[in-house]
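Residue numbers (the working numbering), protein chains in the order written: chain S, 1 to 349; chain F, 350 to 698.
Simulated from the structure, these hints should not be mistaken for laboratory data.
Hints may contain errors.
As the list claims (entries may be wrong) - A few chain F residues that don't get close to chain S, going by computed Cβ distances all over 12 Å:
#1 S371
#2 D384
#3 E391
#4 D402
#5 Q517
#6 H518
#7 H519
#8 E541
#9 A555
#10 H556
#11 K595
#12 E630
#13 R648
#14 A649
#15 S651
#16 P657
What the hints assert, rightly or not - Now the stretches of chain S that chain F is said to cover, found in silico as 3 or more residues with beta-carbon under 8 Å:
#17 182-193
#18 210-216
#19 253-264
A virtual CB, placed ideally from N, CA and C, is assigned to each residue, including glycine.
Number of protein chains: 2
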Amino acid sequence: MTRNQSVLVTPSATNNSIPRDSRQRAKEFVLALQDEICNGLEALDGKAKFHQDIWQRAEGGEGRTRVIREGRVFEQGGVNFSEVWGDTLPPAILTQRPEAAGHGFYATGTSMVLHPRNPYVPTVHLNYRYFEAGPIWWFGGGADLTPYYAFTEDAVHFHQTLKNACDQHHPEYYPTYKRWCDEYFYLRHRQEQRGIGGIFFDYQDAHGNLYAGSEPDSPAAIYSQKVGRINHSWEDVFAMVQSCGKAFLPAYAPIVERRQDTEYSDRQRQFQLYRRGRYVEFNLVYDRGTIFGLQTNGRAESILMSLPPLTRWEYGYQPEPGSPEAQLTKVFLQPQDWVNASINAEYNI
Amino acid sequence: MTRNQSVLVTPSATNNSIPRDSRQRAKEFVLALQDEICNGLEALDGKAKFHQDIWQRAEGGEGRTRVIREGRVFEQGGVNFSEVWGDTLPPAILTQRPEAAGHGFYATGTSMVLHPRNPYVPTVHLNYRYFEAGPIWWFGGGADLTPYYAFTEDAVHFHQTLKNACDQHHPEYYPTYKRWCDEYFYLRHRQEQRGIGGIFFDYQDAHGNLYAGSEPDSPAAIYSQKVGRINHSWEDVFAMVQSCGKAFLPAYAPIVERRQDTEYSDRQRQFQLYRRGRYVEFNLVYDRGTIFGLQTNGRAESILMSLPPLTRWEYGYQPEPGSPEAQLTKVFLQPQDWVNASINAEYNI
Numbered sequence: 001m002t003r004n005q006s007v008l009v010t011p012s013a014t015n016n017s018i019p020r021d022s023r024q025r026a027k028e029f030v031l032a033l034q035d036e037i038c039n040g041l042e043a044l045d046g047k048a049k050f051h052q053d054i055w056q057r058a059e060g061g062e063g064r065t066r067v068i069r070e071g072r073v074f075e076q077g078g079v080n081f082s083e084v085w086g087d088t089l090p091p092a093i094l095t096q097r098p099e100a101a102g103h104g105f106y107a108t109g110t111s112m113v114l115h116p117r118n119p120y121v122p123t124v125h126l127n128y129r130y131f132e133a134g135p136i137w138w139f140g141g142g143a144d145l146t147p148y149y150a151f152t153e154d155a156v157h158f159h160q161t162l163k164n165a166c167d168q169h170h171p172e173y174y175p176t177y178k179r180w181c182d183e184y185f186y187l188r189h190r191q192e193q194r195g196i197g198g199i200f201f202d203y204q205d206a207h208g209n210l211y212a213g214s215e216p217d218s219p220a221a222i223y224s225q226k227v228g229r230i231n232h233s234w235e236d237v238f239a240m241v242q243s244c245g246k247a248f249l250p251a252y253a254p255i256v257e258r259r260q261d262t263e264y265s266d267r268q269r270q271f272q273l274y275r276r277g278r279y280v281e282f283n284l285v286y287d288r289g290t291i292f293g294l295q296t297n298g299r300a301e302s303i304l305m306s307l308p309p310l311t312r313w314e315y316g317y318q319p320e321p322g323s324p325e326a327q328l329t330k331v332f333l334q335p336q337d338w339v340n341a342s343i344n345a346e347y348n349i
Numbered sequence: 350m351t352r353n354q355s356v357l358v359t360p361s362a363t364n365n366s367i368p369r370d371s372r373q374r375a376k377e378f379v380l381a382l383q384d385e386i387c388n389g390l391e392a393l394d395g396k397a398k399f400h401q402d403i404w405q406r407a408e409g410g411e412g413r414t415r416v417i418r419e420g421r422v423f424e425q426g427g428v429n430f431s432e433v434w435g436d437t438l439p440p441a442i443l444t445q446r447p448e449a450a451g452h453g454f455y456a457t458g459t460s461m462v463l464h465p466r467n468p469y470v471p472t473v474h475l476n477y478r479y480f481e482a483g484p485i486w487w488f489g490g491g492a493d494l495t496p497y498y499a500f501t502e503d504a505v506h507f508h509q510t511l512k513n514a515c516d517q518h519h520p521e522y523y524p525t526y527k528r529w530c531d532e533y534f535y536l537r538h539r540q541e542q543r544g545i546g547g548i549f550f551d552y553q554d555a556h557g558n559l560y561a562g563s564e565p566d567s568p569a570a571i572y573s574q575k576v577g578r579i580n581h582s583w584e585d586v587f588a589m590v591q592s593c594g595k596a597f598l599p600a601y602a603p604i605v606e607r608r609q610d611t612e613y614s615d616r617q618r619q620f621q622l623y624r625r626g627r628y629v630e631f632n633l634v635y636d637r638g639t640i641f642g643l644q645t646n647g648r649a650e651s652i653l654m655s656l657p658p659l660t661r662w663e664y665g666y667q668p669e670p671g672s673p674e675a676q677l678t679k680v681f682l683q684p685q686d687w688v689n690a691s692i693n694a695e696y697n698i
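Chain S on its own, in the form it takes in the complex:
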């Protein structure tokens, strides 16, 4: 059965079944993805190398955390792998997935955040994870871009590359996951998107609900209801996740190459440090992976490796109207149909 045929198959009595070696395959995938991405990022940076820490989790599990710092491109960043298990999932997940109550769990995944030095190079985030708990399993994850000075061509490229990966598997994956990403990476208290988005999904299992978020009236939820249920098996979802993971470097690397030598001054640097504050706010207040990690006695250094090297907060900061800094919030931190974007975002830089 090929990937493209798999969505047509409707063995509804069996599509909840999972392969015997599901955990092993998921784990090998995320390990290989971590390797591939680290190699790609080191090549991009050209100077710094990742430093690796192997760690054990007392309650069960292990990980390898890789950190890059003081590079040519990357000021600081980390790519984490972990495999953890335990007696019970944390309450926040059990509320979403009550079928898992009373069962042990297994989770494996890779996550990364890269904070470049040049304010014209966007910060990027990726996470793919796999869960099993009693009778249920699911995949989650995605990738999204957080520019400080944004360019339409970069946003289009990033989204188009992820869309191509999704479209190999089902035409409704990208439109749902793109909207879900906008919903998820949203700072309610600031009424701002975290960045220009990308794709995000969670609880992707055989039930066929492409959207499994908590906002029933969101654009992602409404879109997903129109699509209806899709039969997809463990193999289908896993294949989609693999394609998305492999699309990361092609989505991000060309943007780094295009922006890394753009000259900047203290104005751009100060704005970058200020905007990094929003990244901290999102990760500590809203991020599901961070909260899961902290709730499960995860390794704090690895979980919080996503935080930036240098950040600042300034009470009441308002960018000058019409400036690139104002454009960021007004134009780019609003949900946009990026693959069809025609916004003129030329800046005098």
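Given the structure of chain S, go ahead and fit chain F onto it with the hints provided.
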């Protein structure tokens, strides 16, 4: 019906009765405290003045936010006053106080965080607040100190001054609230105290439970159980809160005066920026006031005014064993009986 008359509590012949002008008196106290502290801090700084913003909350309420920056002593800091009301308290509080369910609420308070420039001057926090919701009312708050380079004499002075204020009202206030402060300002994911503590309390009403936290086996809970219930009326609690509020400047100002001219180099500055990251982690992950504000559509700029001007995160940082930086975590960020402290904390600075 005016705002202040809107909760007409029937005096039940018990000490649960509250004065008719309870809201007005609580509000006038926190407004006067904000004034007194801002004046004192400007005098201490000698250069920068507070900038004030008056704001309205769409759902009901108003505030005045005062920010100081780029001062001689204070790199950035804010002293906030707010008075807010609404139809329902957020879920986190209703879980603690189910009697308030189905009732509107009123809350007023002042809160402040000051981030000094010199790493030898500690960051300080204060908050006092008053709530009414249907049949119940309570006071909460406290003050605590977060040094970067800690000195026993400063810790003793800060605690002794707060203890004296508490002791004017009841000998069991300080021992309970001191332990509760240690319990509250704790970063579970780091297994570290935020600082050297001070006093903290919440839900102080006529029920006489000095401890009303959520950790039944904590030192604060165990101590409070030994003490048993205490008869204290609205007037008693309010008087205690006023004494604590007025003790703030005498507790903090002498420490600033003693440390403000200590010479420091990039080493101390870098450690200060690193440790400020812990402050951010606490405020965004655990702080009740921050979470209340964000959950009630509070004014984000005012709520997050507590965050530092410049902060950094560094993966895997470990101070050199035996250094002052290592002493901070090993000695000072552990709960200590500070008023009786005799720890030798001499540093070569």
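Structure-based check of each hint:
1. The Cβ of S371(F) sits about 30 Å from the closest Cβ of chain S, beyond the 12 Å cut-off, so the non-interface label holds.
2. For D384(F), the non-interface assignment is confirmed: its Cβ lies about 19 Å from the closest Cβ of chain S, beyond the 12 Å cut-off.
3. Look at E391(F): its CB is around 17 Å from the nearest CB on chain S, clear of 12 Å, so calling it non-interface holds up.
4. Not every C-beta of chain S lies more than 12 Å from that of D402(F), the closest at about 7 Å, which undercuts listing it as non-interface.
5. Distance check for Q517(F) against chain S: the nearest CB is about 35 Å away, which clears 12 Å, and the non-interface claim stands.
6. Look at H518(F): its CB is around 35 Å from the nearest CB on chain S, clear of 12 Å, so calling it non-interface holds up.
7. The claim that H519(F) lies off the interface holds: its Cβ sits roughly 36 Å from the closest Cβ of chain S, which is beyond the 12 Å cut-off.
8. Annotated as non-interface, E541(F) brings its C-beta within 12 Å of a C-beta of chain S; the closest such distance is 10 Å.
9. Distance to chain S confirms A555(F) as a non-interface residue, since its nearest Cβ pair spans about 33 Å, more than 12 Å.
10. For H556(F), the shortest C-beta to C-beta distance to chain S comes to about 28 Å, beyond the 12 Å cut-off, and the non-interface label holds.
11. No beta-carbon of chain S comes within 12 Å of the beta-carbon of K595(F); the shortest separation is about 26 Å.
12. Distance to chain S contradicts E630(F) as a non-interface residue, since its nearest Cβ pair spans about 6 Å, not more than 12 Å.
13. Non-interface status of R648(F) relative to chain S is broken: a Cβ of that chain comes within 12 Å, the nearest being about 9 Å off.
14. Not every C-beta of chain S lies more than 12 Å from that of A649(F), the closest at about 4 Å, which undercuts listing it as non-interface.
15. Its closest Cβ contact with chain S, about 8 Å, brings S651(F) to no more than 12 Å, contrary to its assignment away from the interface.
16. Under the 12 Å C-beta cut-off, the non-interface status given to P657(F) relative to chain S is violated; the minimum distance is some 6 Å.
17. Look at the region 182-193 of chain S against chain F: 3 of its residues bring a Cβ nearer than 8 Å to a Cβ of that chain, three or more, so the hint holds.
18. With 0 residues having a Cβ less than 8 Å from any Cβ of chain F, the region 210-216 of chain S misses the three-residue criterion, and the hint is violated.
19. Coverage of the region 253-264 of chain S by chain F is violated in this model, with 0 residues showing a Cβ closer than 8 Å to a Cβ of that chain against a need of three.
Hint compliance for this structure: hints 4, 8, 12, 13, 14, 15, 16, 18 and 19 are broken, all remaining hints hold.
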